[in-house]
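Colleague: Model the full structure from these sequences, guided by the hints.
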Amino acid sequence: GQNIDQPTEMTATEGAIVQINCTYQTSGFNGLFWYQQHAGEAPTFLSYNVLDGLEEKGRFSSFLSRSKGYSYLLLKELQMKDSASYLCAVIIAGNNRKLIWGLGTSLAVNP
Amino acid sequence: GAVVSQHPSRVICKSGTSVKIECRSLDFQATTMFWYRQFPKQSLMLMATSNEGSKATYEQGVEKDKFLINHASLTLSTLTVTSAHPEDSSFYICSARTSGGARNEQFFGPGTRLTVL
Chain A
70 GQNIDQPTEM TATEGAIVQI NCTYQTSGFN GLFWYQQHAG EAPTFLSYNV
120 LDGLEEKGRF SSFLSRSKGY SYLLLKELQM KDSASYLCAV IIAGNNRKLI
170 WGLGTSLAVN P
Chain B
41 GAVVSQHPSR VICKSGTSVK IECRSLDFQA TTMFWYRQFP KQSLMLMATS
91 NEGSKATYEQ GVEKDKFLIN HASLTLSTLT VTSAHPEDSS FYICSARTSG
141 GARNEQFFGP GTRLTVL
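These protein sequence lines are chains A and B, in that order.
Read in our numbering, the first sequence has 72 at position 3, and its numbers run on one by one without any break.
Read in our numbering, the second sequence has 61 at position 21, and its numbers run on one by one without any break.
Honestly, I wouldn't trust all of these hints.
So the derived label-pair ranges between C-beta atoms look like this [claimed, not checked]:
#	chain 1	residue 1	chain 2	residue 2	range
1	A	Glu110	B	Glu99	20 to 26 Å
2	B	Gly93	A	Gly70	27 to 33 Å
3	A	Lys126	B	Ala112	32 to 38 Å
4	A	Glu83	B	Thr57	42 to 48 Å
5	B	His125	A	Thr80	36 to 42 Å
6	B	Gly56	A	Glu78	37 to 43 Å
7	B	Ser113	A	Phe98	30 to 36 Å
8	A	Lys126	B	Asp67	18 to 24 Å
9	A	Thr113	B	Gly101	42 to 48 Å
10	A	Lys145	B	Gly101	36 to 42 Å
11	A	Thr77	B	Gly101	36 to 42 Å
12	A	Gly122	B	Gly56	50 to 56 Å
Derived by calculation from the structure, the hints in this document are not laboratory data.
All values reported here derive from a predicted model rather than from experimental measurement.
For every residue, glycine included, the Cβ atom is placed at its ideal position computed from N, Cα and C.
Modeller: Structure follows, in structure tokens:
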């Protein structure tokens with residue numbers, strides 16, 4: 070079966086750093102995405118990892134270890150607007166390359 | 041670039057009516073489009089995958105006769121919720137992907153909020 074695990078909720082303080090973990094067990098692997106979703110809106114792309122290692126993009130970084138089936142999203146210098154749900158998604162093998170989604174981590178950034 | 045639009049953004053209808061939602065890729069050709077449904081405080085649930093010019097592939101548990109999908113062109117896919125009932129009320133989101141591109145990225149539309157009375 071396909072399984073993606075993320076923490077349900079996290080809380081952090083404005084200006085701090087937070088790491089959101091994601092573990093996966095899927096039939097095949099063609100890449101892992103992190104998306105941000107604010108309430109009532111569609112997801113927006115944050116990062117994509119297909120090779121092991123760290124990808125840095127501004128305040129956001131994403132790490133992947135394929136051998137461990139593990140990824141994390143690192144958010145630095147947290148801002149209030151970063152309060153949102155963060156979704157981990159894996160592309161599985163197959164012609165349609167569909168995404169398998171985690172349930173999302175709801176992050177609350179407090180002043 | 042890579043903009044996907046959805047129309048309407050919000051719709052309220054009576055039980056038993058049918059509702060059509062359009063998903064358009066505005067500046068690229070989408071060989072594959074995905075339709076998702078999202079209930080409050082839950083993750084995205086893939087309903088079906090549609091490839092231009094062929095029948096949609098539905099996920100297990102999704103009624104293909106109730107959720108009609110048409111992907112007639114490389115820039116347009118439609119989802120019709122037939123004989124809608126209150127339990128169909130949800131946030132429907134489409135995404136589109138090109139045939140090329142190494143990232144396999146899906147570009148999401150803004151979503152359609154359906155409320156069935």
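Colleague: Of all the hints numbered above, which does this structure not satisfy? Sort the numbers upward.
Modeller: 9, 11
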